Amino acid sequence: MNGQKYRLGIIGLGPIAIRKLPSEDLPAVIQSSMQAAEKPPFVPFGDRVMVSHTWAIGHVPEIEIVAGCDLDPARVERFRENWRDRWPDTRLYSDYREMLAGEELDIVTVATPEHLHAEPTVLAAESGVRAIFCEKPLATSVEDADRMIAACEANGVILSVDYTRRWSPAFHRVRDAIRSGAIGELSTMSASFGGVQAWLFRSGSHLLDAMVFFTEADPVKVSAHLEDGYDDWDVYRGQGGGNATERDPGGTGYVVFDNGVRAFYSCLKNTPDSTRDVTITGTKGTITFKFDGESAELQFSDPAYAYNTIHTTLTPDAHRSRGIEAAYREIVDNITNGAESTSPASDARKSVRIMAGFLRSHQEGGRLVDV
Numbered sequence: 000m001n002g003q004k005y006r007l008g009i010i011g012l013g014p015i016a017i018r019k020l021p022s023e024d025l026p027a028v029i030q031s032s033m034q035a036a037e038k039p040p041f042v043p044f045g046d047r048v049m050v051s052h053t054w055a056i057g058h059v060p061e062i063e064i065v066a067g068c069d070l071d072p073a074r075v076e077r078f079r080e081n082w083r084d085r086w087p088d089t090r091l092y093s094d095y096r097e098m099l100a101g102e103e104l105d106i107v108t109v110a111t112p113e114h115l116h117a118e119p120t121v122l123a124a125e126s127g128v129r130a131i132f133c134e135k136p137l138a139t140s141v142e143d144a145d146r147m148i149a150a151c152e153a154n155g156v157i158l159s160v161d162y163t164r165r166w167s168p169a170f171h172r173v174r175d176a177i178r179s180g181a182i183g184e185l186s187t188m189s190a191s192f193g194g195v196q197a198w199l200f201r202s203g204s205h206l207l208d209a210m211v212f213f214t215e216a217d218p219v220k221v222s223a224h225l226e227d228g229y230d231d232w233d234v235y236r237g238q239g240g241g242n243a244t245e246r247d248p249g250g251t252g253y254v255v256f257d258n259g260v261r262a263f264y265s266c267l268k269n270t271p272d273s274t275r276d277v278t279i280t281g282t283k284g285t286i287t288f289k290f291d292g293e294s295a296e297l298q299f300s301d302p303a304y305a306y307n308t309i310h311t312t313l314t315p316d317a318h319r320s321r322g323i324e325a326a327y328r329e330i331v332d333n334i335t336n337g338a339e340s341t342s343p344a345s346d347a348r349k350s351v352r353i354m355a356g357f358l359r360s361h362q363e364g365g366r367l368v369d370v
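Here the sequence shown stands for residues 0 to 370, numbered as in numbering that gives the first Met the number 0.
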């Protein structure tokens with residue numbers, strides 16, 4: 000690149016955008032599970048190396064943060080406090096429209112509350128940027144997702160979504176095993192999260208995206224039951240941001256994909272927060288792993304083996320980076336070399352369809368509905 004740097008602006012300066020430590024500005028219930036990662040280089044926490052966007056960008060020399068924006072003056076000040084040594088010249092705004100008009104940006108990070116992703120993304124695409132990295136989920140309605148995708152396609156803008164585990168070496172090791180036929184033809188997937196968190200449109204959306212990632216298929220039907228107290232949620236009715244439990248329902252669900260795979264989803268607040276289990280089953284074997292683990296267990300049948308079953312551990316090769324840092328390195332590659340995104344908006348839209356379908360199914364008593 001001959002020393003060239005891509006100019007980046009951040010819309011939304013919440014914790015995921017600007018924190019310096021993994022547990023900064025998180026509820027106590029989540030902080031308690033993250034204390035092990037409080038010492039640099041933050042690698043003991045496995046693939047949850049996602050301190051913040053700003054922290055990750057600081058490890059990608061081709062990108063500089065030239066601007067940031069938030070309506071909350073306290074968050075603007077927190078950015079200054081956290082990052083004045085690393086990014087002393089970053090210009091800070093209270094209106095993203097002013098920022099987009101006043102800065103010549105190459106990349107925009109959209110880290111606003113989840114129900115407020117659409118408008119900043121559309122305007123950023125129309126402002127002439129080359130890539131947009133949007134926090135998950137892509138949107139809280141299919142209509143908003145479609146607007147965002149259409150604006151980016153019309154303006155030739157790369158739109159990538161921060162489903163962080165898509166840049167996890169362990170996730171790719173598992174998918175490679177599935178693609179190789181190690182467990183035969185894929186048939187079912189089950190995944191469960193536990194603990195008191197905001198689920199469906201926040202942490203639980205990671206789980207839905209994992210289903211899309213591993214099945215590599217299109218969801219066609221879903222059914223779901225939300226936890227008590229969310230019977231009015233025919234559409235997303237949260238306030239966005241944070242992990243307050245009242246902002247997002249837990250629940251259980253079932254997804255049918257067009258390749259025949261059946262997937263089972265469980266994110267319940269009355270289960271242990273250590274529950275992050277994934278099981279993927281095929282016609283010849285099973286892969287099990289912890290969602291943020293460093294490896295997976297493969298069990299498969301082999302007629303040539305005396306006991307007919309073989310157990311082995313799937314361990315990924317070492318990688319230069321992972322998580323959000325790897326995502327930004329990929330965005331640089333997307334822009335310079337035309338590489339495809341590991342987490343494209345077209346895949347993220349599938350998760351939005353599932354979430355919208357879950358709400359509709361719950362309204363209809365858990366009936367199987369088309370998505």
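By construction, these hints were calculated from the structure, which means they are not laboratory data. Where hints are given, some of them may not hold.
As the list claims (entries may be wrong) - When the alpha-carbon atoms are kept at most 20 Å apart in a straight line, the in silico SDA-like pairs for lysine to any residue are as follows:
no.	residue 1	residue 2
1	289	191
2	4	220
3	289	270
4	19	76
5	19	89
6	4	102
7	19	86
8	4	76
9	268	232
10	289	328
11	283	118
12	289	314
13	4	57
14	19	79
15	283	184
16	4	270
17	268	189
18	268	229
19	220	2
20	19	72
21	220	141
22	220	348
23	268	299
24	289	313
25	283	220
26	4	84
Claimed, not checked - Across the chosen pairs, the derived CB separations fall in these ranges:
no.	residue 1	residue 2	range
27	231	2	50 to 56 Å
28	80	178	41 to 47 Å
29	90	269	16 to 22 Å
30	366	336	43 to 49 Å
Note that this is a predicted model, so its numbers are computed, not measured. Backbone N, C-alpha and C define an ideal beta-carbon position, used for all residues, glycine too.
Violated hints - listed by number, lowest first: 2, 8, 10, 11, 16, 19, 23, 25, 29
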